[in-house]
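Sequences and hints are given; from them, build the entire structure.
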Amino acid sequence: MAGNSKTAPFFSSAGSGIFRMPGPQILTVLLSIVGLVVASIFFAPSSITLGAVSGSIPFAAVLAIVGLGQLLVVQQGGFDLSVPGGVSLAVVICAHVPAGDNAVLPYAVGLAICAALATGILNGVMVGVFRVNAVIATIGVNALLYGGVFAVSGGVPILTTPLLQKIVIGTTFGIPHSVYFALAALIVVAFVVKKTVMGRRFEVIGANKTAAAAVGLRVRLHESMAYVYAQLLYCLAGILLAGILREPTAFQGEALLLPSIAVVVLGGTLSGGRGYPLATFIAAIFLNQLSQFALAVGVPYSGQSIIQALALGLGISVHSMQRRFGQRKLT
Amino acid sequence: MSATPVSRSEAPAEVTIRLSNISKYYAGVTALENVTVEFYANEVHAVLGENGAGKSTLMKIIAGTIQPDTGQIEFGDRIVSPLSPDSAVALGIAISFQHPAILGDLTVLENFQLALPPSIFEGKSATDLTREALAEVGLDIPLNVRADQLNIAQKHLLEIAKALAIRPKLLILDEPTSALGKDATDMLFDRIRQVASKGTAVLYITHRMAEVRQIAQRITILRDGQFQGVMPVDEISDADVLNMIVGRTLTDAFPPKAKGDVAEIDFAVEGLSGDKFTDVSFAVPHGKIIGVAGVEGNGQSELMRAIAGLQPSEGRLELKGQALSYQDLQKQTAFMPSDRLTEGIASSLTVRENASFGALDKFAQRGIVRHRKEMGAVGEVFRSLSVKAGNSEASILSLSGGNQQKVVMARALLSEPGLVVADEPTQGVDVGARFEIYSILRELSQQGIPIVVNSSDSAELEGLCDEVIVLSRGRIVAHLTGDEVREEKIVSAAVNAHGTEVGHKAKAAKGVLQAGKWRQFLQSDLAPVVPLSLVVVLISLYVFGQNASFFSAYNVSNLLLLATPLGFIALGQTVALLTGGIDLSVGPLSGFLVVVASFFINDGDSAALMLLGFFLIFGSGFLVGAINGVLIRFGDFTPISATLTLFIGIQGFSFLLREGVGGFISYPVIDAINTAIGPIPVAFIVMVLLAIVGEYMLRKTRMGWQLKAVGSNEEAARRIGVRVDRVFIAGYILTSLLTALGAVMLMAQIGVGDPRQGTSYTLTSIAAVVLGGTSLRGGRGSFVGTILGAILLTVVLSAVAFLGLSQAHQYFFQGALMLVAALIFSAASQSKGASGLGRSWLGRRKALKLSSA
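These protein sequence lines are chains A and B, in that order.
Those letters in the first sequence? Residues 1 to 331, by UniProt numbering.
Those letters in the second sequence? Residues 1 to 853, by UniProt numbering.
Some hints could be false.
Claimed, not checked - Pair ranges (Cβ atoms, derived):
(1) A:Phe43 to B:Pro531: 44 to 50 angstroms
(2) A:Ala255 to B:Ala90: 39 to 45 angstroms
(3) A:Val156 to B:Ser606: 42 to 48 angstroms
(4) B:Asp671 to A:Val129: 49 to 55 angstroms
(5) B:Ala626 to A:Ala255: 24 to 30 angstroms
(6) A:Gly110 to B:Leu541: 40 to 46 angstroms
Treat the hints as calculated values from the structure; they're not laboratory data.
All residues carry an ideal CB built from backbone N, CA and C; glycine is no exception.
Written out as structure tokens, the structure reads:
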């Protein structure tokens with residue numbers, strides 16, 4: 001009846017870091033990406049050349065940041081379908097408000113952050129306070145955001161501001177800055193969730209709301225705040241996108257909704273449970289590299305999304321098998 | 001101590017069911033061992049025993065819901081084991097469950113019709129039959145109110161009425177009176193006697209001795225899964241029955257109790273009333289442990305939550321001489337919940353995280369948790385509790401039940417509480433760990449922390465507690481101190497109590513639901529239809545005022561046609577939401593099906609080829625629905641992850657078939673699809689008719705009830721015999737087939753295969769369904785409402801164009817509509833969902849409070 005791992009030392013040092021000893025979730029995605037790189041070396045060497053990687057890695061960085069936002073919401077048992085609106089609004093504010101004028105850029109960025117805060121609070125209040133179903137609330141808010149996107153941009157693309165472009169696509173030690181932003185986002189999210197009192201409580205609430213309520217934690221507040229954090233991350237992703245693309249369209253965020261959910265699911269995070277920021281991050285890189293690989297071996301766009309769907313389905317199955325296996329061990 | 005079984009010769013002639021040598025073990029724990037028992041026609045046979053004695057297991061074996069490990073069942077003179085739920089029903093075995101299998105989202109009538117075999121209703125009006133059946137148990141409620149409007153007593157009576165209505169040969173009643181007042185109980189007993197006199201064997205499971213004397217002729221007693229004896233009720237004294245129920249040898253050891261009288265009171269409760277308990281007062285003297293006892297479900301767990309400050313209550317709570325509000329009390333209380341898996345532990349977290357999450361701020365500096373400090377504190381408390389956890393970073397689920405419970409205790413200790421409230425602290429805990437838990441509680445008590453323990457195990461209370469209060473129907477019926485704290489005294493106080501019910505419940509049991517036609521409509525699924533139609537009309541009139549051509553035949557026709565693809569797809573989405581799921585793949589599916597069509601339905605193609613095209617549209621739809629359903633039910637996917645996977649995959653297939661736009665759809669076909677009668681397109685009429693037919697089926701046919709039942713409460717649906725998996729998968733197939741109809745309309749509108757089209761219908765369809773009032777939680781919704789939602793969205797789209805507004809306005813309107821509708825529905829469902837009629841009307845609730853005070 002007692003624990004099955006009696007031989008292991010009680011105080012394992014491996015668990016002390018931000019990124020605890022790699023769990024099965026992280027191992028799964030890590031193995032997948034290693035497999036993918038090996039496959040690339042043999043079948044599609046062009047997909048892992050410096051040029052190919054540095055061309056696509058900024059998009060992986062954007063996806064990773066959006067995925068981290070979605071992760072925080074999913075972890076609280078919610079779903080955020082306002083990703084497209086949130087990202088697109090940040091993109092158009094950073095592209096259209098300055099309209100090429102470098103001096104206005106800081107204000108535009110500030111405005112984008114304010115918009116993200118307001119959106120996050122609106123989502124959070126709808127879900128956390130008024131108990132509206134997360135799917136409905138975020139679809140509604142997304143429509144409002146699209147209204148905002150049209151109001152700001154008129155629905156047309158525009159040339160981005162040179163300063164922003166310089167900041168985002170510039171490189172340090174040969175690595176594009178967008179990657180540093182994504183890493184910073186990962187470290188902040190992982191540190192806050194794993195190390196701070198607030199984050200640890202957030203995680204407990206995600207894992208079991210009733211147990212958290214039984215020790216007096218403020219469940220609804222944390223649930224609501226998840227949407228605010230998420231919007232801030234979408235905003236960061238939007239700002240980066242506005243710099244990565246020379247001429248961003250008005251609905252740049254549209255294509256990010258499903259991948260954002262896919263990377264969270266691939267990273268092994270379930271609706272309401274422990275969140276895995278690092279695994280989500282790696283899943284974003286994996287998904288991106290998968291497209292690169294498919295492209296290099298000559299699979300058309302159609303094949304790419306079929307491959308993505310298969311990878312997603314497989315990933316979900318592996319995680320659910322891991323969970324089943326883990327539970328079977330107990331009895 | 002033990003009585004010999006009644007000799008067979010005294011028994012009435014006809015044996016209805018005989019169980020021989022039945023045993024059932026759960027993971028090595030004995031639930032029933034070698035039980036042999038017979039139930040006779042024309043007789044009420046009571047089965048008594050403490051919680052966990054095996055009564056429910058016995059009942060479930062007879063119902064066919066669980067299979068015994070050994071033994072044989074004979075019905076009449078036939079061997080019928082192994083029994084399945086279906087064969088049990090076919091034999092005429094009816095059960096009224098302790099927790100009624102009532103589906104809250106269905107009406108009373110629907111609950112009744114769904115739970116009973118169709119043959120019962122043959123040749124009779126279902127309404128009359130149901131009304132009669134309800135009248136038999138004294139239930140006078142309108143048949144078309146939703147069951148979640150009923151209070152708990154009414155639900156129990158409805159459950160009993162369902163069991164009686166099939167005129168069973170064997171009727172099993174599991175604690176049927178636990179929620180009933182005296183009048184309802186008397187009426188029910190009359191009914192039971194009547195039924196028995198007509199030849200039915202009644203198996204009556206209860207805790208209460210007084211009831212047994214009133215109703216039963218014969219009594220069987222179980223203890224710890226063992227058969228203790230069977231005898232006629234009038235030949236045995238209460239004391240003997242009691243001895244057979246308890247009589248357990250105390251194998252557990254207990255720490256020594258506190259000595260002598262103590263004047264100092266550490267925690268006091270005065271005149272506390274709340275949900276399910278009334279006017280409870282007791283005090284915890286310094287260094288003592290107070291036990292709470294009673295038959296399960298008599299207000300103990302509610303009382304525990306209230307004194308832990310987790311629920312508001314009326315009365316006085318005083319800790320160390322200081323009166324506290326319940327919120328303040330909560331901050332000082334460590335609560336150990338009884339349901340460890342749902343409330344005690346967070347199963348995805350580690351042992352360490354589970355131990356420390358109540359006291360994180362104690363290990364933190366400037367908001368950052370110090371790992372060393374946390375590990376040190378957790379390690380120390382684990383050592384003092386001798387928690388056997390191999391590795392603090394292992395999953396909490398890797399520990400045994402006893403050690404999990406110690407982790408919950410560790411959390412309580414780490415928060416340095418002023419009060420410990422332990423609800424069933426040793427449930428699911430092995431014997432060894434039990435003693436340790438008792439010792440820890442005693443030690444805490446000696447340190448001056450007041451402790452209140454609720455336990456259904458009377459022997460445990462005897463061994464552990466210095467004083468015990470016994471609750472019955474929410475009131476204290478005995479307060480035992482000193483030498484009185486003995487198992488027999490506790491059990492006798494609990495089972496012999498005649499207490500009347502807590503005020504508001506007794507009242508409500510008799511309360512008649514208000515059933516004005518208008519009020520019923522407001523609470524029905526169709527209610528959103530009125531405001532939606534109103535909004536559609538108002539917007540249209542406003543736009544008409546600005547631009548008269550809005551009502552031109554051309555525009556009306558166009559608008560209605562435009563609403564059809566969305567309408568059909570949204571009808572499909574409604575089905576998915578009714579089952580409690582969601583289908584994200586409808587958008588890409590509709591686009592994909594148009595692409596498929598664009599290869600077959602072109603000008604110049606033969607009729608056969610075109611027919612094949614249509615066949616492929618619906619065939620592919622069927623396949624996609626089946627894949628969705630199978631992935632969700634058998635592949636361990638959530639509805640979102642399954643349909644999201646298909647979303648991406650289907651999109652890929654669209655592009656696989658066509659990289660760009662191509663394949664013009666045959667004009668004659670398009671014209672045929674777009675035919676109109678006057679300004680009204682035929683397709684629109686078809687859609688409306690389909691919605692009406694769907695609405696009818698949802699309300700009046702078994703299929704519709706099953707769909708709603710699965711979404712409303714899967715477990716209850718399973719118990720009344722709905723084949724949940726099958727219904728669910730059929731639902732997803734239906735969703736995809738309706739989407740295929742939408743694709744046909746979409747095909748006629750875009751007229752060409754385009755892999756980029758369609759995806760937006762996923763979110764828009766959800767929007768239309770939600771506007772129409774269908775709940776995302778499943779179980780309730782309306783097809784007609786969905787159609788109106790789709791029309792409203794299309795009208796808004798058209799209005800924005802007519803008014804010359806920018807597209808921004810279109811989105812603003814859509815978003816605002818969604819949010820406002822969501823707010824209204826969520827407010828409505830919260831007031832309804834609370835707990836039946838008591839809470840839905842504020843005025844009523846206040847009145848009830850006064851009456852119970």
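So does B:Asp671 sit 49 to 55 angstroms from A:Val129, Cβ to Cβ? 52 angstroms, holds
Quick check: does the Cβ-Cβ distance between A:Gly110 and B:Leu541 fall within 40 to 46 angstroms? 43 angstroms, holds
Distance restraint hint 42 to 48 angstroms, applied to the beta-carbon atoms of A:Val156 and B:Ser606: Holds - the Cβ-Cβ distance for A:Val156 and B:Ser606, about 46 angstroms, lies within 42 to 48 angstroms.
Is the distance from the Cβ of B:Ala626 to the Cβ of A:Ala255 consistent with 24 to 30 angstroms? 29 angstroms, holds
Between the beta carbons of A:Ala255 and B:Ala90, is the distance compatible with 39 to 45 angstroms? Violated - the Cβ-Cβ distance for A:Ala255 and B:Ala90, about 56 angstroms, lies outside 39 to 45 angstroms.
I want to verify a distance hint. Is the separation of the beta carbons of A:Phe43 and B:Pro531 within 44 to 50 angstroms? 59 angstroms, violated
Against the hints set out earlier in the document, violations occur for numbers 1, 2.
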